[in-house]
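Q: Heads up: the protein sequence lines correspond to chains E and H, in order.
Everything in the first sequence is counted per the numbering used here, starting at 4 for the first residue and increasing by one.
Everything in the second sequence is counted per the numbering used here, starting at 194 for the first residue and increasing by one.
Derived from the structure by calculation, the hints contain no laboratory data.
Predicted model, so just to flag it, every value in this text is computed and none were measured.
Treat each hint with caution, since some may be false.
Capping the alpha-carbon separation at 20 Å, the derived lysine to aspartate or glutamate pairs in EDC-like fashion look like this [stated by the list, open to error]:
id, chain 1, residue 1, chain 2, residue 2
1, E, Lys364, H, Glu297
2, E, Lys162, E, Glu151
3, H, Lys202, E, Glu80
4, H, Lys315, E, Glu230
Estimated spans, in silico, between C-beta atoms of each pair [stated by the list, open to error]:
id, chain 1, residue 1, chain 2, residue 2, range
5, E, Asp100, H, Thr213, 52 to 60 Å
6, H, Ala242, E, Glu296, 24 to 32 Å
7, E, Gly304, H, Glu322, 53 to 61 Å
Glycine residues also receive a C-beta, built at the ideal position from the N, C-alpha and C atoms.
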Amino acid sequence: MVATGVYEVQESGLQWKHNIQQQRENEPGTPQEFLDNFSQNFEMRVLERPSEDHLILEFNHVDVSFVNALRRILLSEIPTVAIEMVYMWINTGIIHDEVLCHRLGLIPIYFDPRRLQSMEETDGTAEAGAPTDRNTIVFRLNIKCTAEDAQEDKKKHQKSAAADDDSDDEGVVPKSAHPALEEATTAAARAKAKENSKKIPKRPYTKHVYSGDMEWVPQGDQAKRLEDTDVRVVHDDILICKLRPGQEIELEAHARKGTGKDHAKFSPVATASYRLCTEITLLEPVYDELAEELVHLYEPGVFELVPSDEPGTRVEAKVCNPYACTMSRNYMRNPQLAKAIKMVRIPDRFIFSIESVGHYKPAVLLGQALNILQGKCRRVQDLADQAMGR
Amino acid sequence: MSVNEVKLKKAPISFQVKGTGPATSRTFVIGDEDHTIGNSARHILMQDARVAFAGYSVPHPSEPIMHVRIQCKADSGCTAMDALKDSCQTLHSQCDIVLQRLEELLPEVKEDRLQMEKIILKDNEFFEEQEEEEEDDEEILEDQDEDADVYMEE
Numbered sequence: 004m005v006a007t008g009v010y011e012v013q014e015s016g017l018q019w020k021h022n023i024q025q026q027r028e029n030e031p032g033t034p035q036e037f038l039d040n041f042s043q044n045f046e047m048r049v050l051e052r053p054s055e056d057h058l059i060l061e062f063n064h065v066d067v068s069f070v071n072a073l074r075r076i077l078l079s080e081i082p083t084v085a086i087e088m089v090y091m092w093i094n095t096g097i098i099h100d101e102v103l104c105h106r107l108g109l110i111p112i113y114f115d116p117r118r119l120q121s122m123e124e125t126d127g128t129a130e131a132g133a134p135t136d137r138n139t140i141v142f143r144l145n146i147k148c149t150a151e152d153a154q155e156d157k158k159k160h161q162k163s164a165a166a167d168d169d170s171d172d173e174g175v176v177p178k179s180a181h182p183a184l185e186e187a188t189t190a191a192a193r194a195k196a197k198e199n200s201k202k203i204p205k206r207p208y209t210k211h212v213y214s215g216d217m218e219w220v221p222q223g224d225q226a227k228r229l230e231d232t233d234v235r236v237v238h239d240d241i242l243i244c245k246l247r248p249g250q251e252i253e254l255e256a257h258a259r260k261g262t263g264k265d266h267a268k269f270s271p272v273a274t275a276s277y278r279l280c281t282e283i284t285l286l287e288p289v290y291d292e293l294a295e296e297l298v299h300l301y302e303p304g305v306f307e308l309v310p311s312d313e314p315g316t317r318v319e320a321k322v323c324n325p326y327a328c329t330m331s332r333n334y335m336r337n338p339q340l341a342k343a344i345k346m347v348r349i350p351d352r353f354i355f356s357i358e359s360v361g362h363y364k365p366a367v368l369l370g371q372a373l374n375i376l377q378g379k380c381r382r383v384q385d386l387a388d389q390a391m392g393r
Numbered sequence: 194m195s196v197n198e199v200k201l202k203k204a205p206i207s208f209q210v211k212g213t214g215p216a217t218s219r220t221f222v223i224g225d226e227d228h229t230i231g232n233s234a235r236h237i238l239m240q241d242a243r244v245a246f247a248g249y250s251v252p253h254p255s256e257p258i259m260h261v262r263i264q265c266k267a268d269s270g271c272t273a274m275d276a277l278k279d280s281c282q283t284l285h286s287q288c289d290i291v292l293q294r295l296e297e298l299l300p301e302v303k304e305d306r307l308q309m310e311k312i313i314l315k316d317n318e319f320f321e322e323q324e325e326e327e328e329d330d331e332e333i334l335e336d337q338d339e340d341a342d343v344y345m346e347e
């Protein structure tokens, strides 16, 4: 179903511009007609993949309610596994118990939630809500910062200080005649002093506790069932806390399945968002200085300079990438450009961006979101059937 | 369980039909649903020629309840319930179409689905084996009890 109009971009806000011809074509019909129409018009393609966890798609000819439903599900209804209960025996570090537990909860865990039961499901043997080996993953964190660690660290620094001959001037700031040069030299000297201070053995030794220090402890039949799976944290270089010599942490963390609705730590996306596509047309040709201003200053990335065919002019601006448009409306500052450019937002063309935290790949997340939406439809249908049956 | 554990509450009503009069106009009260399915279902209902009026609302953001109001045209011969069920079915099929295109576009989705099916099969087999072992253990225990009874009689 093609949109029945466009949003014209004006200096403040958008103006809906109706297309009566399209509305007449979009007359409501039977559900089958809607599906055929959708199947014919719907387009989807990959725009960009900035990294393995980030996917940008383009949807065309789909309604905003559907795209918004997918976004809402991605954010809050796809289950993942995260630490929920922490049993703490020793915590002599400076981070408070509850703050430490909060940080542990936020650490993403690389375990497929579809292999784990949720806490509400009963197994027949256990009561609902009790931790079993079918619904809980257990991690242990045993870290001690000992005096020996500090000693080793001291020895390491002494070795590197002896090997390095440049560390004579520890923080001495050289003076200079010219004030601007002096500023530059003081900044550089400060940086060097900082570098040197790191090598001084007097700097207190802190042991950093990273998320990779947590170990998985298989429970019950998990050792056999999950012997070929990798149960770990997604990123093992997340800093949990720092310990000084004599401080210790010993705790057991239980991870379970949950959804973003319950707590944001369960959300599988860093964020999922969509925006409408813009369509930019040049009503009048833009040449030379104005073109250069447009390309470099006003909307970078959207326009490009091409050699112009018009005699007496050098270069012309042409639209090359409307997806880079940020709707800053900067070009309207220049009255000539404000007349020459027409920007329009198309209400059924979306740029959908999914950034995954790392549990799933972003494409897989979208597939899951669609499955969950189907599950919701089924649920409403079943509820309606039950109500009818009564 | 701990004292301060928070459990997600379920809505008190999961489905209720409100409205008297001809069956072409009804308000459906659906619990544990929100704008996610409300807006999508409303849009699909609007594309249905038999529906004269379709709207949804979330009466209060703190309560997970959603109302859908459907009024069908008098001469269309379809009831509000039919329209609701058809719209859910259409949304389901729409998701199927999008899933199909997604799998064509990005093969990793299909690979993940097939892999997951295999893993879940394996897990289910593992659980069945476990249950069989437990049943065997129970049988052995029963035999022991029988022996105990005999002992007691003597």
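Q: Are the Cα positions of Lys202 of chain H and Glu80 of chain E separated by 20 Å at most?
A: Cα-Cα ~15 Å, so holds.
Q: Taking 53 to 61 Å as the hint, is the beta-carbon distance of Gly304 of chain E and Glu322 of chain H inside that range?
A: holds (59 Å)
Q: Between the beta carbons of Asp100 of chain E and Thr213 of chain H, is the distance compatible with 52 to 60 Å?
A: 58 Å Cβ-Cβ, so the 52 to 60 Å window holds.
Q: Lys315 of chain H and Glu230 of chain E: Cα distance at most 20 Å?
A: holds (12 Å)
Q: Is the hinted range of 24 to 32 Å satisfied by the C-beta distance from Ala242 of chain H to Glu296 of chain E?
A: violated (52 Å)
Q: Next pair to validate is Lys162 of chain E with Glu151 of chain E; report whether the Cα-Cα distance is within 20 Å.
A: holds (17 Å)
Q: Sort out whether Glu297 of chain H lies within 20 Å of Lys364 of chain E, counting only the CA atoms.
A: holds (16 Å)
Taken one by one, the earlier hints fail for this structure only at number 6.
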